[in-house]
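Numbering of the sequence shown is given in my numbering, commencing with residue 1 and proceeding in unit increments.
No lab work stands behind these hints: they were computed from the structure.
A portion of the hints provided could be inaccurate.
Mimicking EDC-like on lysine to aspartate or glutamate, the simulated pairs with C-alpha atoms at most 16 Å apart in a straight line are [claimed, not checked]:
1. K265 to D117
2. K359 to E80
3. K65 to E80
4. K323 to E80
5. K365 to E298
6. K137 to D166
7. K365 to E80
8. K265 to E230
9. K323 to D63
10. K318 to D63
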Amino acid sequence: MARRSHRQLLLATLCLAASMLGAQSTGADDARAAAGVYELRVGDFSVRVTSWGARLVSVVLPDSKGNLADVVLGKDTIAEYVNDTSYFGPITGRVGQRISRGRFVLDGEIYHLERNDGRNTLHGGGTAFSSSAWTVKEYVAGGDSPHITFFYRSFDGEQGFPGNLDAYVTYRVSSPYTLGVHMNATALDRATPVNLLLHAYWNLGGHGSGDVLGHTLRLFASRYAVLDDELLPSSGRVAPVAGTPLDFRTPTTIGARIRQVTGGKVVGYDANYVIDGEPEGMRPVAQVQDGASGRAVELWANQATVQLYTGNWLNNTKGKDGKVYNQYAGFTLETMGYVDAVNHPEFPSQTLLPGQEYKHDMVFKFSF
1 MARRSHRQLL
11 LATLCLAASM
21 LGAQSTGADD
31 ARAAAGVYEL
41 RVGDFSVRVT
51 SWGARLVSVV
61 LPDSKGNLAD
71 VVLGKDTIAE
81 YVNDTSYFGP
91 ITGRVGQRIS
101 RGRFVLDGEI
111 YHLERNDGRN
121 TLHGGGTAFS
131 SSAWTVKEYV
141 AGGDSPHITF
151 FYRSFDGEQG
161 FPGNLDAYVT
171 YRVSSPYTLG
181 VHMNATALDR
191 ATPVNLLLHA
201 YWNLGGHGSG
211 DVLGHTLRLF
221 ASRYAVLDDE
231 LLPSSGRVAP
241 VAGTPLDFRT
251 PTTIGARIRQ
261 VTGGKVVGYD
271 ANYVIDGEPE
281 GMRPVAQVQD
291 GASGRAVELW
301 ANQATVQLYT
311 GNWLNNTKGK
321 DGKVYNQYAG
331 FTLETMGYVD
341 AVNHPEFPSQ
351 TLLPGQEYKH
361 DMVFKFSF
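With the hints as constraints, model all of the structure from the sequences given.
Given below as structure tokens:
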């Protein structure tokens, strides 16, 4: 056991030294300077992640003609991820998506968070989860199931949230062309809301290949949470998708009705869907296919909702490999609990009691 642990540590150290994505340390930010990039590979399927924000950096796989491409939008260097405001690929928390007015009440006490999205808090506010170097707890680069586990200790009062919290995320690659993302967190000493999510942008034609409006999408969701102009479920209503431009129960191109919807104040999808079935178990969430490349992905998860976002705010955004991302250059499928659940008792609770564990599993099954 000790020999294996030593080997894993050595592999992680070698990978850290060899793959820094050109991080530009100024000496003022030791955490950023220590952030590394790690590869998980099975055959011609490879995934790269970084400890900065426990972030998904790339997913490379063939198309129907055998041509390899990276299907995840992102940046070239750690320094660029540090300054990223588009949330390319990180784990966000403690609470992903929005919290109304940056406040909530728990056990009779009012908690105030940083308002980083107008009057509201987005993805936890501040830095922490998506803008810190996580610790590598285990790294297995080879074998049939390469994987890496990152750890982050969120301290009492960080981002304004109560209690100490231990968070982990494991990325695991397996054949054929399967990526598992497994998040869990434990409240150590106080009750606290937790709603982690992976904010990865996908373009199955390859990042920088254009927009995703021609991708065909199927969502296993017959209802959606009604969001207001600030993308908050202020009414607490859940409505049927039938008869609306949000209906993807049968395969439909993303661009077919995109001009009929606005995500906040811009044209495009930024919608929250209630996934059909019981949230305790793994079940299908979405199927997406790019006809031009032949690549497709199936997403399974164990969460209650999924946020579909179509990169509405991307605008001449510098990406990887000299590529520029414009509006609709990628889409996200962010599985999670209900948006702003901490302010809506009618929604299933996202609050952990001391000693309770949060579990969030996602599985991406790619084909071509």
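Structure-based check of all given hints:
Annotation: proposed proximity of K265 to D117 holds, straight-line Cα distance about 13 Å (limit 16 Å). Annotation: proposed proximity of K359 to E80 is violated, straight-line Cα distance about 30 Å (limit 16 Å). The suggested pairing of K65 with E80 is violated, with an alpha-carbon distance near 33 Å, which exceeds 16 Å. Taken as a hint, the K323 and E80 pair is honoured in the structure, with Cα atoms around 14 Å apart against an allowance of 16 Å.
Distance hint between K365 and E298 is fulfilled; the C-alpha atoms sit about 5 Å from each other, no more than 16 Å. Simply put, K137 and D166 have alpha-carbon atoms about 12 Å apart, close enough for the 16 Å limit, and the pair holds. Only pairs whose Cα atoms come within 16 Å are accepted, and K365 paired with E80 is rejected, the gap being roughly 29 Å. Of the supplied pair hints, the one linking K265 and E230 holds, its CA atoms being roughly 8 Å apart against a limit of 16 Å.
The straight-line distance between the Cα atoms of K323 and D63 is roughly 20 Å, outside the 16 Å bound, and the hint therefore fails. Proposed proximity of K318 and D63 is contradicted: the alpha carbons are some 25 Å apart, above 16 Å.
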